[in-house]
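If you're matching them up, the sequences are chains A and B in order. Following the working numbering, the numbering of the first sequence begins with 3 at its first residue and continues without gaps. Following the working numbering, the numbering of the second sequence begins with 595 at its first residue and continues without gaps.
FYI, nobody ran anything at the bench for these hints, they're computed from the structure. Treat the hints with care, since some could be wrong.
[Claimed, not checked] Below, a sample of chain B positions facing chain A; criterion: calculated Cβ distance under 10 Å:
{"no.": "1", "residue": "Thr604"}
{"no.": "2", "residue": "Gly605"}
{"no.": "3", "residue": "Ile607"}
{"no.": "4", "residue": "Arg608"}
{"no.": "5", "residue": "Val610"}
{"no.": "6", "residue": "Asn616"}
{"no.": "7", "residue": "Val621"}
{"no.": "8", "residue": "His625"}
{"no.": "9", "residue": "Phe634"}
{"no.": "10", "residue": "Arg637"}
{"no.": "11", "residue": "Gly682"}
{"no.": "12", "residue": "Gly683"}
{"no.": "13", "residue": "Leu686"}
{"no.": "14", "residue": "Gly687"}
{"no.": "15", "residue": "Val703"}
The beta-carbon is built from N, C-alpha and C at its ideal position, and this holds for glycine as well.
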Amino acid sequence: MAKKIRILLAKPGLDGHDRGAKVLARCFRDAGFEVIYTGCHNTPEQIVNAAIQEDVDMVGLSCLSGAHTYLYPEVVQQLRDRGVTDIPVVGGGIIPDRDMQPLYDAGLKAIFTPGATLDSIVDWINNNIAAKE
Amino acid sequence: MEELGKRALTGDIRAVSRLIRNIEDQVPNTHEAIKHIFPFTGRAHVVGITGAPGAGKSTLTDQLICSIRAQNKTVGVMAVDPSSPFTGGALLGDRIRMLRHADDPGVFVRSLATRGAMGGLSKAVGDGIHVLDVMGKDVIIVETVGVGQQEVDIINHAHTVLVVLVPGMGDEVQAIKAGLMEVADIFIINKADREGARKLYKETLSMMDMGKFPSGWRPPIVMVESNLEPHTFAKSVDELYEKINEHYVFLKEHNLLQERAQLKVQTEINDALRSAILEPVLSRLVESGEFDQMVQKLMKKETDPYTLADEVAAKYLIK
Chain A
3 MAKKIRILLA KPGLDGHDRG AKVLARCFRD AGFEVIYTGC HNTPEQIVNA AIQEDVDMVG
63 LSCLSGAHTY LYPEVVQQLR DRGVTDIPVV GGGIIPDRDM QPLYDAGLKA IFTPGATLDS
123 IVDWINNNIA AKE
Chain B
595 MEELGKRALT GDIRAVSRLI RNIEDQVPNT HEAIKHIFPF TGRAHVVGIT GAPGAGKSTL
655 TDQLICSIRA QNKTVGVMAV DPSSPFTGGA LLGDRIRMLR HADDPGVFVR SLATRGAMGG
715 LSKAVGDGIH VLDVMGKDVI IVETVGVGQQ EVDIINHAHT VLVVLVPGMG DEVQAIKAGL
775 MEVADIFIIN KADREGARKL YKETLSMMDM GKFPSGWRPP IVMVESNLEP HTFAKSVDEL
835 YEKINEHYVF LKEHNLLQER AQLKVQTEIN DALRSAILEP VLSRLVESGE FDQMVQKLMK
895 KETDPYTLAD EVAAKYLIK
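Excised from the complex, chain B in its bound form (with noise of 0.2 Å):
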């Protein structure tokens, strides 16, 4: 396994495309490549970029890979779309936006499921980034699963946070709610071209004149027309690039970067903890049928769960 972690960092795409997805099923032992590569990670600038379902993201992070490529910086893309919670099964689709890059050495893009996980990510997400990142990509661009209001894993990782907005998804008190709106690093006002736009971008230039700013940043809200313009669209493209730019350097120079990448140590911490700690507990009491028999008791009401879940960690728990 380490021997994989070896060759992703040489930028081999087969060891980097087993790795993500050994990352995915969990196989055992995957956290030896990760921990060969995580010394090499933490040099390229992540790009997340979330929104409804059909609010342009796939559309958006193909012709934001023209312009990145336009400046002979690499990409790597990681795209996220829901598994069904009936099934397991998923429909990966956002590849469907990015068929022009399929022949470019520079760009990496991989589609994952969500495979259960609630904040818009997949559970690979994390160490997916640090692979794309010691295989040597500039940029590496994470596209959410189309958002309601509070999916926001992605603050966890990534250093600049896109929200694409598009006319006619409600009045202007969606846009004072919490959650969503409050993540965006620059919005993007996507299908500009559409009648509300104007309206839309008034809401969120109002939303933002009753907010604070602590860092400094003010979020620049980018007007995106209609790609059926692709003049207009590539041009509009270049400009948010710019303004993702702009953050980065912002980032940097006010020190803000070392604060983003501890939100994300502190995910990490988080969930190789509970990968450690709380799954090898899980699964010895699924094996034993000791988790059965707890369901069989909360059923008949005989205890509840935290009287169950007191004795388990009386039980493993070294006080």
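Okay, chain A solo, but in the shape it has when bound (with noise of 0.2 Å):
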């Protein structure tokens, strides 16, 4: 029997910088991750339905187009809307201080901006989630 975490890495919203995502794709994969990379452009609906046809672990959202108010408590919201309590929403990028609490109010599990390292968003996934069982 050989578990993986299973992460689903997507870019909601109007936002083509796509480089940290990739680079987080990479990251994980060297983790010993399986990544589902949906690439840019995503809806929160879109995103929502693949981590659902993927069964993944986590969903990790990137977006840095200053959207990030609106479209990561979508995510988890339709998420919930769904059913769906056992799938966590991690999110980066450029988020303002002052949208932190906000974002962890609406049921973020964890934010990450410039600054942290790969090894500590790893660790961060390595300590809080687990594969399925």
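Take the two lone chains and join them into the complex the hints point to.
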């Protein structure tokens, strides 16, 4: 039996700056995770459907356009609406300090901002995300 | 676990995705769910799509989904990408090309990593096809990893195999080599607007002129031009889908569907025997430390692999 942590990595909204997401995808691969990368311009609906079809252990969102206060909570809410409570959502990007608490309040499990090291993100996943039974 | 099988039969998406996940993870008792659904399998048309990395398999699959949906048929996709031989991790990127179907309840897409399998697929593909089949998908597309010349396990699982070729990959000797070029039911020359496409077409054609087709099906060659011209691209892929349907009808009319199904069950019983007989023996050897001892003996050249295997067989097999 070989359980693997599966992660969906997506860029919601109108934002084509995907270098960060690609670096993370590569880093997760090297950490031994299976990463499903869905690219740019995803809608929250597409992300939620993909997360369900892929039965992932975590959704990672990257957005650099400033729309995170709308898009991230929307993904969390739509997962809840679909009855999915076992897929935590994590966000990253240029997130101003004042937006952090509202995002946590909306249900995000972690937020990583510029300066977060790749190792610290992988450590967080290893400590907080378990492959599903 | 049987419960999961029952829910999959009703088309419950969470049950389906969890079941495929359990198959991949080889969770104990997953076989119980497969036992439950197996009698209901064999309804869907399974289409395999294979070819070199970057040949356009995912993009073609994406457009093919449109052609199939236009005829009101539902689609299940399993897209395989490679696992790292070093970390076991994987970057599964086939979904990027299929994003527009994410909201369509008639389409289910699942990405799989090879997890060490060498034939261009994941070990979970065989049972995964069963799951998508019983959830009610009419057509199941299995997209292999980008393959070289002989990762052709897809022929054991698909009714119709599409081989995607692109110009500029080698001379005509490549076209007469064994392996990949032999398994096609339909050839696709993708990116056919590029230089060398006509040459590739002629080479593929003359390769086939030398061939024999005992079943009576001569693989057609479909030219598909750049997807940057959406209308001509869609039209070519519609034509491709017509050929796929023609092939399926041909298999049915000539009682060849059974032959393909037989290949699949042969593979399945092989795998099932392996997991029921070989794997328990192997894990016992590993747990007891005997496996390590055998490795050490071999390193010191005290014995050879065949003698060791005979000893293990004598211990576990009743003759």
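Verification of the hints:
no.: 1; hint: Thr604; result: 15 Å, violated
no.: 2; hint: Gly605; result: 13 Å, violated
no.: 3; hint: Ile607; result: 6 Å, holds
no.: 4; hint: Arg608; result: 6 Å, holds
no.: 5; hint: Val610; result: 8 Å, holds
no.: 6; hint: Asn616; result: 9 Å, holds
no.: 7; hint: Val621; result: 6 Å, holds
no.: 8; hint: His625; result: 13 Å, violated
no.: 9; hint: Phe634; result: 21 Å, violated
no.: 10; hint: Arg637; result: 20 Å, violated
no.: 11; hint: Gly682; result: 5 Å, holds
no.: 12; hint: Gly683; result: 4 Å, holds
no.: 13; hint: Leu686; result: 5 Å, holds
no.: 14; hint: Gly687; result: 5 Å, holds
no.: 15; hint: Val703; result: 6 Å, holds
The structure fails to meet hints 1, 2, 8, 9 and 10 from the earlier list, while all remaining hints are met.
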